[in-house]
Amino acid sequence: MTTTPVAAEAEATPTVAPRAARPPRSIPGFAPSLAITGTVLVVLVLVPLGALVLAVARAPWDTIVRALTDARTLAAVGLSVGASAVAALVAAPLGVAIAWTLARYDLPGRRLLDAIVDVPFALPTAVSGIALTALCAPSGWIGALFAPLGIELAFNRVGIAIALLFTGLPFVVRTVQPVIEDLPAEIEEAASSLGASRAQTFLRVILPSLMPSIVAGTTLAFARALGEYGSVVFIAGNMPMRTEIAPLRILSHLESYDYASAAVVALAMLVASAGLLFAVNAAQRRLVDRGAQGA
Amino acid sequence: MRARALPLLLSSALLITLSACSGGGASDGQGTLTLLHVSNDPTRELYAEINPTFASAWARDHGGQRVEIRMSHGGSGRQARAVIDGLDADVVSLALPFDVDAIAREGQHLLDPQWAARLPDHSSPFYSTIVFVVRRGNPRGIRDWNDLVRGETQVIAPSPKTSGGARYVYLGAYGYALRHGYDGRTGDEAGTEMVRALYQRVPVLDSGARGSSTTFARNGIGDVLLTWENEAHLLLAESPDAGLEIVIPSESILAEPPAAWIDRNVERHHTREVAEAYLRHLWSTEAQEIAARQHYRPRDADVAARYAQSFPTMTLFTVEEVFGGWERAHATHFAEGALFDRIYQPGQGGT
Chain F
1 MTTTPVAAEA EATPTVAPRA ARPPRSIPGF APSLAITGTV LVVLVLVPLG
51 ALVLAVARAP WDTIVRALTD ARTLAAVGLS VGASAVAALV AAPLGVAIAW
101 TLARYDLPGR RLLDAIVDVP FALPTAVSGI ALTALCAPSG WIGALFAPLG
151 IELAFNRVGI AIALLFTGLP FVVRTVQPVI EDLPAEIEEA ASSLGASRAQ
201 TFLRVILPSL MPSIVAGTTL AFARALGEYG SVVFIAGNMP MRTEIAPLRI
251 LSHLESYDYA SAAVVALAML VASAGLLFAV NAAQRRLVDR GAQGA
Chain Y
1 MRARALPLLL SSALLITLSA CSGGGASDGQ GTLTLLHVSN DPTRELYAEI
51 NPTFASAWAR DHGGQRVEIR MSHGGSGRQA RAVIDGLDAD VVSLALPFDV
101 DAIAREGQHL LDPQWAARLP DHSSPFYSTI VFVVRRGNPR GIRDWNDLVR
151 GETQVIAPSP KTSGGARYVY LGAYGYALRH GYDGRTGDEA GTEMVRALYQ
201 RVPVLDSGAR GSSTTFARNG IGDVLLTWEN EAHLLLAESP DAGLEIVIPS
251 ESILAEPPAA WIDRNVERHH TREVAEAYLR HLWSTEAQEI AARQHYRPRD
301 ADVAARYAQS FPTMTLFTVE EVFGGWERAH ATHFAEGALF DRIYQPGQGG
351 T
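Chains as they are written, first to last, in my numbering: chain F, 1 to 295; chain Y, 1 to 351.
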């Protein structure tokens, strides 16, 4: 499932910088760059994906049908998609706020904060999973604050969303932050000189120009969350039909040497997330075009 | 010219590194023998201690020839899959015979299907069993398997779908009910109801034994942890402040983690002789002592007698006699849609 974020990044890149007319080739090196791009994409992305498709194509029909219609698998896929969506939607406003703070305010220790944002990228996911679980368990620092209120943060769907939020947040921050930094201050000055309130300026001027990057970041966070295993598996509880995520289903097929079923579930997840990414991309392109027309 | 040479240099350096890494066991110029031993997770400490004793025994008998044993640890099923997919192991030691059988079944002529008969004790140098870990003072009064499914007791155990040790836990509970009855029932009905009642009391189904230890000891979830005997002792030693006690049930399942040399790989590396000697060394007094100190039950009668007080007597039933072997146990209990999955299907009281 690690292929999903890769596919997502490959998909999202053109949308961050809207397509412009190709500049004249003033720098040489087009041929080698294209060769490297082609080779790397084929060897690292297309060949593994092809192997996955091949594994599914070789599987008998009843295996494919059984793997796809199994109630536990459906529950797990539903949970993965749902929890990933919730985590991505929560990550969006939080990420924008963090990106705004980092881009616009010259706080003491800003560079440190800036570095901390990347920690979920750098940390092995199992480490963050165990740390989050220890914190959120009823005996942990954070969990102990909520336990008296009857709220449990670990070993349920809340825990899953917390873990996915943790791994997804930097995607939003890192996609939105450079756009905020590039936002010309003149636009805001013009808006306020024309009598717009700060809220109006933000909602009608700033937010629309940030929207494509927010959508891109949120989509990346979502795609990453769908395939996330290490950080979730410790905090989830892993109870079949309730807190079992799709990657764990794939793993349990593999542990029974049932490669075919594992490949079927993996491919289904991949197709679903790729379809979703394409849809979001198309919607986003329309958003960019409309923004370009409006400007 | 220099600019063009650089990528060439880099790529050839990469190739050399890769080919150096991919060599499994073999002897290099100085006559040092290398063995790659692929094992499951909990044996790290065990083989770290045993391997040097083999190296010195081999050097003594073979004119000072050096043997280097490289270890690879991971989940038992994952390690077996890696060997099937081409990890160049000379020797494997895994949690269950089922995983070694998978190498014989799925790997192309990697391993003789009769591997278990090649070494004593079904190729299993030490054995173990499943015991209980409870909170200090045993507040729930848990003494035996049927106490696990009484009252509000919460049980911590990993998922048999992803953990080898967890399959022993599951089969231990099922086998106990099969032999003693459960809730006025007998036979498979008793076993089925026992495991259903047991897994309904599991609030967190970790993917492996270490995860369950963490859930129980560090995160403070549950009243009783079901785990390997050696893992239980390790947990008590590692978390002296957690206030934990080991409870030995009246009987439990015999867990026999097996070891085997991988025929096709040792042929290619010309390491069959040293691989076999290495595995036979596991039955030596020296290795058996190390295993006993690390709470694996020794096969050697003298060592067993010396460490008798660390291994309380209990009746141990085998997967063969109670479940008709691992293949059948897997098909009936752990395969897709088998009994363990049905425990959690809606409408069967599983949720």
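The set of hints was computed from the structure by calculation and includes no laboratory data. Mixed in with the good hints there might be a few duds.
[What the hints assert, rightly or not] Derived, one-sided and incomplete: chain Y residues facing chain F with beta-carbon distance under 7 Å:
#1 Thr32
#2 Ala102
#3 Pro240
[Claimed, not checked] Covered stretches of chain Y (in silico footprint by chain F; criterion: 3 or more residues with CB under 8 Å from a CB of chain F, positions within the stretch not fixed):
#4 194 to 205
#5 216 to 225
#6 323 to 336
Computed from a predicted model, the values in this text were never measured in an experiment. Yeah, the Cβ is synthetic: ideal placement off N, Cα and C, and Gly gets one too.
Do the hints match the structure? See the list:
no. : hint       : in the structure
1   : Thr32      : violated (33 Å)
2   : Ala102     : holds (5 Å)
3   : Pro240     : violated (17 Å)
4   : 194 to 205 : holds (count 4)
5   : 216 to 225 : holds (count 4)
6   : 323 to 336 : holds (count 4)
In terms of the numbered hints stated before, the structure departs from hints 1 and 3, listed from lowest to highest.
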